[in-house]
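Given the structure of chain A, go ahead and fit chain B onto it with the hints provided.
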Amino acid sequence: MALDSLKSEGFKQVGTRPDRPDGFDKVTGRAKFGADATAPGMLHAAIVRSPHAHARITRIDTSKAEALTGVKGVVTRADFATGLKGENWNILENVMAGDTALYDGHAVAAVAATSPLIARDAAKLIEVEYEILPHVTDVDEAMAEGAPVIREGAADKSVPPGLHPNVVRYHESGHGDVDKGFAEADLVIEDHFRTEATHQGYIEPHACLATLGGDGKGELWCCTQGHWNVQKICSALLGLETSQLRVTASEIGGGFGGKTTVFIEPVALALSRKTNKPVKLVMSRSEVFRATGPTSSTSMDVKIGMKKDGTITAAQGVFRLQGGAFPGAPCEFTAMCAFAPYALKNVHQVGYDVIANRPKQAAYRAPGSPMAAFAVESVIDELCGQLGLDPIETRLKNASKRGTKASFGPTFDQIGLVETLEAAKAHPHYSAPLKPGQGRGISCGFWFNHGGETAVSLALSEDGTAQLAVGTPDIGGSRASMALMAAEELGIPYENIRVTIADTATLGYNEVSHGSRVTYASGLATIEAARDAVKKLCARAAAKWGIPEDAVKWENGCAVPSGPNAGDFDPLPIDQITKRMGATGGPIVGHFEATPEGAGVSFATHIVDAEVDPETGKTSVVRYTVVQDAGKAIHPTYVEGQFQGGAAQGIGWALNEEYIYGEDGRLQNAVFLDYRIPVASDLPMIDTVIVEVPNPGHPYGVRGVGETSICPPLAAIANAVSAAAGVRLHELPMSPPRILTALEKQRDG
Amino acid sequence: MQYHKPENFEDAVAIAAQAQGLTRFLAGGTDVLVQLRADIAVPDTLVDVKGIGGVKDITRESDGGWRIGIAVSGAEMTEHPDLGRDWPGVVEATDLIGSTQIQGRATMTGNLCNGSPAADAVPAMVAVGMSVSVTGPDGTRRVPVEEIPAGPGRTSLAKGEMISALHIPPRGAAGGDAYLRFIPRTEMDIAVVGCAVNLRLDGDTVAEARVALGAVAPTVLLVADAADALVGTTLDDKALDALAEAASAACKPIDDKRGTVKFRTHVAGVLARRAAKIAYDRARSTRT
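Protein sequences, first through last, are from chains A and B. At position 224 of the first sequence the residue is numbered 224 (our numbering), and the sequence of numbers has no breaks. Positions in the second sequence are counted from 1; adding 749 to them yields our numbering.
Treat each hint with caution, since some may be false.
[To be verified] Heads up, simulated DSS-like pairs for lysine-lysine below, C-alpha to C-alpha not over 27 Å straight-line:
no.: 1; chain 1: A; residue 1: K745; chain 2: B; residue 2: K1001
no.: 2; chain 1: B; residue 1: K987; chain 2: A; residue 2: K745
no.: 3; chain 1: B; residue 1: K754; chain 2: B; residue 2: K805
no.: 4; chain 1: A; residue 1: K745; chain 2: B; residue 2: K1011
no.: 5; chain 1: B; residue 1: K805; chain 2: A; residue 2: K745
[Claimed, not checked] Covered stretches of chain B (chain A as the covering partner; in silico rule of three or more C-beta atoms under 8 Å from a C-beta of chain A):
no.: 6; region: 929-939
no.: 7; region: 1000-1010
no.: 8; region: 1015-1021
No wet-lab data here; the hints were simulated from the structure. On a predicted model such as this, the values are computed, not experimentally measured, just so you know. All C-beta atoms, glycine included, are put in the ideal place defined by N, C-alpha and C.
Looking at chain A on its own, in the form it has when it is part of the complex:
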């Protein structure tokens, strides 16, 4: 899109680190999260879930539950819309099973009662009869001959003939001739890698409060990354007109992609419609693990050829992703991100989306990319090791730059991979000595970033302050960034901007807070809305002074004549204009609606030092440095926070987090005690370096930063652990038993 003006220097507020506007609410407990809402006459709901991995539902008897005192209503699949197609059908089938339970934890019925305890007791009284079916949870087993078919006809037209019906989507891309490229290499390494599913691990479980009457008008309060999306999906699943359901987003205790869809919201709405009362529904942690989307598990083969001087001659990858019982595992993203950091003449990548008896995967921070980087960057590390090459120099030699034809097709514009590698090379961490038993790992990572539908409104108050309404839930400190950008344009103090996440009735459609799009897209819209307001302010000054509108410009929060010929007038401050706006033409509101498409891609380079205890296989991450291109850091503290957060989640994914299924196909570790997310003392201080190579698609050069930070950690940690242990690890998590087994195998030759 064409931008009015690009600003790259002379910022007065952007780049500073003020306190976040929501900080006081968060530290005093005043902030309202999903479970904090109440309503008069409110009921509490509980969901009945399948204890089986795969089973036909032959009978549901709700009579005993309905007879319990305090129970006001029960819903099953019969209480939702029929005739849905595509992803709406998938989501409904996931939210409430039809005739088959597809995974351990799949919802089959729900009950609303006058207290949470009665609802829980009533849920136990709902009798469900199952006919157990064969199940499969492993990606390779699910696509092998003879595997139980999860659902006939789930595959789309992309899937070549001859594959198992559990392969539901297929992706293939690349360019050049990989066979010719491999023939030119001095060393070719091909290896197999696996990663287990991990959960986003947000601390706030899903929670909502729903009110829906027989008139088809509803109100929904919920914890979500995108309430317009909730509005759209819930309306479809309940058979409502979209505009009749108003959705308000609560404060959010983490999302990381996992709150970009719906799980309990349609159920609460259906119960409210049935009982004619407000219904509150809050998930337990075990429900979050069993029935909300983890990331995909993977099985991957990567082959790379390299010359002795480090030049990569060819690369190919096969990426198999298991995404639960529904299509949607991001196999195309895995394939497309895999080799994106490198300028390759010959590259070929294939992705398989495979369904299995597990919960429907949901987006998790750069969906699909971290696993690809794990496989690819491990092979590059192995090539560097065997050829005696420096890992950063080798990556620099092959790095994608402006003008590179990307492995996934397009040609890169201005990008900052080389700059992150140069900064990593110059960082003291890279040359610091290691102690015995320690190893150092390097990895690059890539994420596309996204723009998406965005609407913003900025209303000025009579005292010259501003109310900014955005539609993207604040999952990473974005209100601070929005206020800084609005303050920069308006020339007023940061504290004079009140940023609100508006409900669906207040603004036009806003896409979910995903794709690292908020500071880019809502930020761009905020800048444009502020510029729109400034234009209107200048027009009021022009009218007052009796000069043309284009003879007025805006400086430091004041209207001033644009030059000596415009006339001699004292600067007119914003509050002098706004206090008279009612009499000079009415309220002044700037707004902006668009689908910006210039989200610049983002690259990162991570350096990790790990120490492995050879007797127990336990890994400690002892030093960590994130170097990432932010384009322009609006509020550097929150950029650093995103860098550190991605690294922290990556450490968990690499070392200990995993979905563990028993022979019976049931999830064995659906609590934080056994789903081993890192605790604070597991992490080193994570150092950060912000590289700023401006994105030409944003007025200030912003690139999204939220997701790229989780792309390199799996590989960087694997490379560090492999160096420390003296043996290559091919499977995540690199848990202590797995490391000991690898060491033992190596000893036994």
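Leaving out everything else, chain B in the frame of chain A:
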């Protein structure tokens, strides 16, 4: 559910003896309340023991031993000025359970009565030769700690019986104890393997030793062969190798989500070696 808060042990055991269905004693509640909320064990009768006199006391006995009240938390044991100097291993094993908040509530008695094979405090209690007072309708008797666990989630206590006090023997001269556990994280986790070593020196030579293992069998193991490997040695490499081998040989673990048979068996030996060194160093440092 019936909730009782008796003021003495006689009333407490009378309530428990007459209770129908599932009975639980409530002290810190870090297992009882969690299991209740998770539908794992919903008691019909809950007997809150915190109103009984003396349950929060840590008392030095006339013989130099210690009496620990049944509602004393791990944090309170750590805070005590003298207990940790005598028995650092016991205190550390109790006070590394859970988070800071849990450590302010959780008790050794609860850890023992919960019956988890992975209980952290229990191997330490067994290694140092602790015993418990068991009070029931017929009075009070002394029982060694290792006789309390009966299997995962089960104890040898009869209906109407409860633990009314914990007893640690006198430390004596030139002794040291230590507890180590393996967890993949640094805290807030459950032992994959736990090992406690207690020993007493004569000069530089180990005169007495006890070695206990947790999370490698249905109940805590007191491993005589492992102790024998230490006695009469100065903890040289040969003794440590024999210790590790004996510890591993005693393991009868299971494969589960927390660890494999092979891993647990191997790491039991590694931890025994490391815990023995710590206990030995502690014993030597208290010798003078």
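We went through each hint and held it up to the structure:
1. A:K745 / B:K1001: holds, 24 Å
2. B:K987 / A:K745: holds, 26 Å
3. B:K754 / B:K805: holds, 15 Å
4. A:K745 / B:K1011: holds, 14 Å
5. B:K805 / A:K745: violated, 52 Å
6. 929-939: Three-residue rule met by the region 929-939 of chain B, so holds; n is 8.
7. 1000-1010: Contact hint for the region 1000-1010 of chain B vs chain A: holds, 5 residues under 8 Å.
8. 1015-1021: With 3 residues closer than 8 Å to chain A, the region 1015-1021 of chain B meets the three-residue bar; holds.
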